[in-house]
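A.B. asks: Protein chains in written order, with the working numbering: chain A, 1 to 482; chain B, 1 to 493.
What the hints contain is simulated information worked out from the structure, not anything from laboratory work.
These numbers come from a predicted model, not from an experiment.
Just so you know, even glycine gets a beta-carbon here, dropped at the ideal spot from N, CA and C.
Keep in mind that the hints are not guaranteed to be accurate.
What the hints assert, rightly or not - Each pair of labels, with its calculated beta carbon distance range:
id, chain 1, residue 1, chain 2, residue 2, range
1, B, G259, A, D290, 39 to 45 Å
2, B, D3, A, D290, 55 to 61 Å
3, A, E58, B, R482, 40 to 46 Å
4, A, F83, B, D480, 25 to 31 Å
5, A, A107, B, P335, 29 to 35 Å
6, B, P301, A, D190, 57 to 63 Å
7, B, D114, A, D340, 25 to 31 Å
8, B, K380, A, Y214, 46 to 52 Å
9, B, A373, A, F83, 20 to 26 Å
10, B, A373, A, S300, 43 to 49 Å
To be verified - Listing some non-contacts, in silico: residues in chain A with all C-beta distances to chain B over 12 Å:
id, residue
11, V51
12, P85
13, L148
14, V209
Unchecked claim - Okay, derived cross-link-like pairs now, DSS-like style, lysine-lysine, Cα gap no bigger than 30 Å in a straight line:
id, chain 1, residue 1, chain 2, residue 2
15, B, K111, B, K95
16, A, K80, B, K95
17, A, K80, A, K221
18, A, K413, A, K320
19, B, K380, A, K130
20, B, K111, A, K80
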Amino acid sequence: MTDYEAVIGIETHVELQTASKMFCGCPVSFGAEPNSTCCPVCLALPGALPVPNEAAIEGILRIGAALECELVERSLFHRKNYFYPDLPKNYQISQYDVPLCVAGRLALDVDGEEVTVGITRVHMEEDTGKSVHVGEGGRIHGAEYSLLDFNRAGVPLVEIVSEPDLRSAEQARAYGAELQLLVRSLGVSDARLEEGSMRFDANISVRPVGQDAYGTRTEVKNMNSLRSLQRAVAYEIDRQIELVEAGGTVILETRHWDEEAGNTSGMRSKEESEDYRYFQEPDLLPLQIDDAWRQRVQASLPELPAQQRARYAGLGVDPKTAVVLGGSPELGVLFDGAVDAGADLRMVGNWLTVDVVAHLRRESVELDATALNASHLAELSAMVAGGDLSATAAKDVLDRVIAGEGSPSEVAKAQDLIQISDVAAIETAVEGVLAENGEALERMREGDMKPLGFLVGQVMRATGGKADPRLVSDLLRRKAGA
Amino acid sequence: MTDPADLTITAAAAALRGGEITSVELTEAVLRRAAVTEAQLHAYLTLDQTGARRAASDADADFAAGRDRGPLQGIPLALKDNLCTRGMETTAGSKILAGYVPPYDATIVTKLRDGGAVILGKANLDEFAMGSSTENSAYGATRNPWDPDTVPGGSSGGAAAAVAAGSALGAYGSDTGGSIRQPASLCGIVGMKPTYGLVSRYGLIAFASSLDQIGPLSRTVQDAATMLEAVAGFDIHDATSYRGEVPDISGSLTAGVKGMRLGVVKELSGEGIDPQVAAAMWATLDALSDAGAEVVEVSMPATEYALSAYYLIAPAECSANLARFDGVRYGLRVPGDTVEEMMAATRAEGFGPEVIRRVLLGTYALSAGYYDAFYGQAQKVRTLVRDDFRRAYEQVDVLVSPTSPTTAFPIGAKAADPIAMYYSDVCTLALNLAGHPGMSVPVGLDDAGLPIGFQLMAPALGEEPLFRVGAEIERLVGFDARPALATSEVTGP
């Protein structure tokens, strides 16, 4: 039995959220009325000409710089020719042999294993319109008719091509996840897989372990989540190995991932459709990226996800918390702000990565849309540390702060959750409870400490949960002479 | 009294400002001329009498109110029908765009409207500007006003015929390989191709983007200068448009040629040139020499390959430029069972044979395995052609040659022989490969009474010396013949 190794490279498309489209002044907007954000240029009316969007070039340079690419001084646009109804010009303005960014890399941590993926190139192109095929399972062939929406046509699209450095479905997913984080941290795109502002195509082949030559690859499309990226790659690896084991041959083709069926199926043979007749776009001049621009881009890069994780590790944040914090720029900003304001690392890390995340999921809201800010977290942390609030009560307060009921101290007061740290007041409650539970007190005096938990609970109930449980426990032990 | 339709733009502009004529009177005279000549010429695809009359009366109102929007205010002009006009059908001479009404104006049309010009309508052309005789129009050929049995040249044949016949005072055309200069030559008028990028291409229906340039067709060099100055300059909508200062043209039209060095391009002036055409060129050079210019012969060996390179580059670019005509969003749609069948049927039905020939040539030239041998090689030749020009301009200020190897040829004479037709552009297309400005100036008539054009070429942004020599030729030669058809008299059957 031969052992096989998978070889995977990923092409990632990222829609840039610039104010206007790549080659015209139409707004980049999602969810607008179909065909409402179009003009002669993005509809390819006769006579219209493209003019490049500088903000989009800036966006791709930021991505290239963050991927440690070389940013070239002079770059060319090409026409990629193919006929498709949602491609208005029937050619796409793209880049061919002189892309803007080349030879970069992205480091991944895959379950503790360090994997560095080479980035072949990052290039600029324009998006197509959207087709909706009515009838026959939503595919163009056999559809009764098709509807076209050109709002997306001409939206700036960045293509990031990795080297075939990935070896497993888990690594593929980790690459996708890290790239998504990176793009989001740069603020150039929301990189939402389910909405198509980030899309993956995976090139997959298998070969016997030890063989240098690559096997024949297939290109798998239509994965709209990180999970489906991982599933699709895993499925395709297994399919190819089974095929080869059974004496079959993998053919060079594009395959469509079916999320529901959990399988891939052939779309078209690559050989038939690969001649795009690229030639230099005569309507555009070569792009000149001068030193000053490149330096400006480098200098403007924010802290990248990997740098952020390293910083958290240095602060002593546990790795799992660091991953979750780094997974969302908004969480990271709140964490940094709270810690800067003196909050406890572990407490805030735990609140953000467990309680806040759970709240957002439960209420289906975005963090941005909530009232929570860094000073709330710092205040909450100080209240717990100062003994004014129990850890349990703090979580309740946090939920209400997120919901917009006020600052932590306002909420705690309104809910009457301020902890009783007054020994005399607690002692009164303890004595009351012991008076009703003489038997339990006797057992403790005899050295059986089992009733302690029960008694603490009774005291907490008597104080409406506001007593500091450590104080209660101490007092009970003292009464029992333990 | 001169029929106002026969006025130059310069004379008409002066008359409008002197109160000797109104724009409405001028426009009516031109429309009257068109009513007579169109029956024979078919220079126009669309003649917008209503719009022209409205623009003329607006111009008169402006004059009356003391508003002067520029030298073209109130001047009736024609536009080649590959220039997009908002609200006015624009077909590029193709069936695939029959009935297509653009929702926007080309940049030059915006400039003309802002300048108060009167747009008469849309002039006939070879389909998508592909041709040298205007016989490739899907809407029928245009005829030459000097002899209706001959072609007016092309592809701006309708524009050239209209200006020669007086059914427009001037016209804007496009020149990809000679499409302004060659019909100007065959129709006995001035035709000028500016430096690539000097006039915005936004709204010009593209044939070959790296070669196309909009320019004027007019009766005098001064008129051409006025028309060019009215539309030149940077346009935010055209990434290839020139960002610098527009060269000063009108200011030096009378400076003369004394001390200028003129180079006769050897490869474009000997073999294959009709002897009468060559003789007219040499006679003109003699006059220029007498006027103080120094005339030398210049060799540009790469021009021998320019025609082959041109017929790879232009078709390659057009194969992509014309891909958008697919029946999906506008224009003709021929139904099919699948989207591919619909597109294929639409294009097969909508494009004429010359367009299909060039799209296929270009597709082939760009195909995997053929790119290097064809398109790649043609780009190398293009570089060599540019090098030839650069070396030539180290020796001379302006290069000269005949504009067309022959005068107007009979309708149908070359229709069945594409290579013979392509050869009509042999003198003009090298200039487009270089991106330089050029001009055709009429210098005489042949034995058959057909006009002969003289081509001037200058380096990039060399419009000033180009127009200076052109204006001097005009003075020296004194070409003032008018075609027999240029009359508003209705003659008997």
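A.B. asks: Now tell me if each hint is right for this structure.
C.D. replies: Here's how the hints hold up against the structure:
no.: 1; hint: B:G259 - A:D290: 39 to 45 Å; verdict: holds (41 Å)
no.: 2; hint: B:D3 - A:D290: 55 to 61 Å; verdict: holds (59 Å)
no.: 3; hint: A:E58 - B:R482: 40 to 46 Å; verdict: violated (59 Å)
no.: 4; hint: A:F83 - B:D480: 25 to 31 Å; verdict: violated (53 Å)
no.: 5; hint: A:A107 - B:P335: 29 to 35 Å; verdict: violated (55 Å)
no.: 6; hint: B:P301 - A:D190: 57 to 63 Å; verdict: holds (58 Å)
no.: 7; hint: B:D114 - A:D340: 25 to 31 Å; verdict: violated (58 Å)
no.: 8; hint: B:K380 - A:Y214: 46 to 52 Å; verdict: violated (34 Å)
no.: 9; hint: B:A373 - A:F83: 20 to 26 Å; verdict: holds (25 Å)
no.: 10; hint: B:A373 - A:S300: 43 to 49 Å; verdict: holds (46 Å)
no.: 11; hint: V51; verdict: violated (5 Å)
no.: 12; hint: P85; verdict: violated (5 Å)
no.: 13; hint: L148; verdict: violated (7 Å)
no.: 14; hint: V209; verdict: holds (34 Å)
no.: 15; hint: B:K111 - B:K95; verdict: holds (28 Å)
no.: 16; hint: A:K80 - B:K95; verdict: holds (27 Å)
no.: 17; hint: A:K80 - A:K221; verdict: holds (19 Å)
no.: 18; hint: A:K413 - A:K320; verdict: violated (34 Å)
no.: 19; hint: B:K380 - A:K130; verdict: violated (39 Å)
no.: 20; hint: B:K111 - A:K80; verdict: violated (33 Å)
Of the numbered hints given earlier, the model fails hints 3, 4, 5, 7, 8, 11, 12, 13, 18, 19, 20; all others are met.
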